[in-house]
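Visitor: These are the residues of each chain, in order.
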Amino acid sequence: MQNFEYIAPNSAIAAAQALSPKQGLTAVLAGGTDLLSLMKERVETPTRVVSLRNIAALRGVTKQGGGLRIGAMATVQDLLDSKAAAGYASLLQAARGITAPQVRAMGTVAGDLLQRPRCWYYRNGYGLLAMHDGKALVPSGENRYHAILGNKGPAYFVNASSLAPALISLGAQVTVAGPEGERSMALADLFQIPSSASERENTLEPNEIVTEITVPSASGWKTGTYEVRQRQLLDWPLVTASVALRMRGNRVSDARVVLGHVAPIPWRSSEAETALNGQAANESSGEAAGKAAVSAATPLSQNSAKVQLATIAVKRAVAMAG
Amino acid sequence: MSSKNPTDGPVCGPDQEPRKGFSRRTFIEGVGIGAGAVGAIGAAEPARAQSSEPVGPDPVAITLNINGKSHELKVEPRVTLIDALRNRLDLTGAKKVCDRATCGACTVIVDGDPVYSCTMLAIEAQGRRIETIEGISTEDSMHPVQAQFVEHDAQQCGFCTPGLVMAGKAIVDGNSQPSMADVESGLSGNICRCGTYVGVRKAVYDAARA
Chain A
449 MQNFEYIAPN
459 SAIAAAQALS
469 PKQGLTAVLA
479 GGTDLLSLMK
489 ERVETPTRVV
499 SLRNIAALRG
509 VTKQGGGLRI
519 GAMATVQDLL
529 DSKAAAGYAS
539 LLQAARGITA
549 PQVRAMGTVA
559 GDLLQRPRCW
569 YYRNGYGLLA
579 MHDGKALVPS
589 GENRYHAILG
599 NKGPAYFVNA
609 SSLAPALISL
619 GAQVTVAGPE
629 GERSMALADL
639 FQIPSSASER
649 ENTLEPNEIV
659 TEITVPSASG
669 WKTGTYEVRQ
679 RQLLDWPLVT
689 ASVALRMRGN
699 RVSDARVVLG
709 HVAPIPWRSS
719 EAETALNGQA
729 ANESSGEAAG
739 KAAVSAATPL
749 SQNSAKVQLA
759 TIAVKRAVAM
769 AG
Chain B
98 MSSKNPTDGP
108 VCGPDQEPRK
118 GFSRRTFIEG
128 VGIGAGAVGA
138 IGAAEPARAQ
148 SSEPVGPDPV
158 AITLNINGKS
168 HELKVEPRVT
178 LIDALRNRLD
188 LTGAKKVCDR
198 ATCGACTVIV
208 DGDPVYSCTM
218 LAIEAQGRRI
228 ETIEGISTED
238 SMHPVQAQFV
248 EHDAQQCGFC
258 TPGLVMAGKA
268 IVDGNSQPSM
278 ADVESGLSGN
288 ICRCGTYVGV
298 RKAVYDAARA
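Those sequence lines, one after another, are chains A and B. Using the working numbering, read the first sequence as starting at 449 and increasing by one per residue. Using the working numbering, read the second sequence as starting at 98 and increasing by one per residue.
Any given hint might turn out to be false.
Unchecked claim - Facing chain A, according to a computed beta carbon distance under 7 Å, are these residues of chain B, among others: (1) GLU173; (2) PRO174; (3) PRO211; (4) ILE220; (5) GLY224.
Please keep in mind that the hints were generated in silico from the structure rather than gathered at the bench. Given the structure is predicted, the values throughout are model-derived calculations rather than measurements. All C-beta atoms, glycine included, are put in the ideal place defined by N, C-alpha and C.
The task is simple: from the sequences and hints, build the whole structure.
Guide: Okay, here's the thing in structure tokens:
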């Protein structure tokens, strides 16, 4: 990898101040499981790496005001081991899908959210929008793992996060620190579909870092995550769905359905939510929600199978929640 | 791109030569150390790698605690733990295979957790307790995981074996009664191209109970 200077500040603000406001010049190092590979491939070539390892305030998974606080340096294993996270079934199910103990021990929850897309064109240096000689490579290329929703272009990759669908369905917020101070937003607003090569798949400024993720109490919600996988271990899922259902009696009064690996962002499906609201949570409502979730799908030349997989993921996530 | 290419300069390369007499390894190590010493002239800031001032890109003095012993060395910030172990400290048990946090051949144990040493910067491994395959046995006795690997014939070409043994040790260190599902999950970050998984799982399962 290209050589760089290294700095490990003691506070989030100092870390943000050590970052360049210009995209690509500096990089944030947390667990490193994604960043180091990108640097070895020279997809990322920062001249300075800012490590978060000395910032004690970013560690830990703790209870906070009836909910959950996940520090930006908390690892996936920290989340799985945490008593505070015990009531968040869908989140833990998603975390268990990250199987390699090495990745669980090194990789952070925030890093899972901010990992760059796994699109093989992007990973091989064609850029996030996979362009070559002014032409988009994905629509006529190898696209069996690419997006089936939100794929009108120019972005066709899928968001690779395992935990974002569950966290968004649980109503998570994220706090980020910049050189001037902190701001908070709904986790869903951390993600965007880039409309040009100058945009990324997240809304962070180049000199902002995530400091924590907070999740409201899941009390009163039935939640579930289901991943459709090619390999049971080690690999990313093909499609994932997380649901959170608030019940009134035996009927769903408030449904949240978020799919992963189907779109350039974690994909909240209002169609699936509408299909569930007012219904009992069972196989037939789950199936209806699954079909509704893909009603607007526009598969590419090789990935129509993902439409069916998404249907099944939603149906089974509803079953796991119920 | 970088003015220094390939990545780790002259000390990064295949290193499977026999270790007799004046080997290529001995030669390139000498070059590496020499270069480090030149880079350090005028730097004189061994304690700064942990501080909030930037260090590098020239070599930085770091201290690594490996198998209970303290090692001082100078590395560029980009040097990974696996390269520091293999190319600087002659601890060549851990293998560099995929170099992309996928295959597990580089697995070592850091603060009790199995980690991919290819994907941890050496500078970030400071202040942490590093265990490598070299540290788990003596001349006379094997670690129980190693002994059970022999018992179950759990290797063929052997290239993945050090990583699997360390992943297995991390399992048995944390759990004296792992289920077979625990063992499978605990070994899921390691790939064996020969397909020795059946024997490896039995070996780790039995080692926990030995």
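Visitor: Could you work out which of the previously given hints the structure breaks and list their numbers from low to high?
Guide: 5
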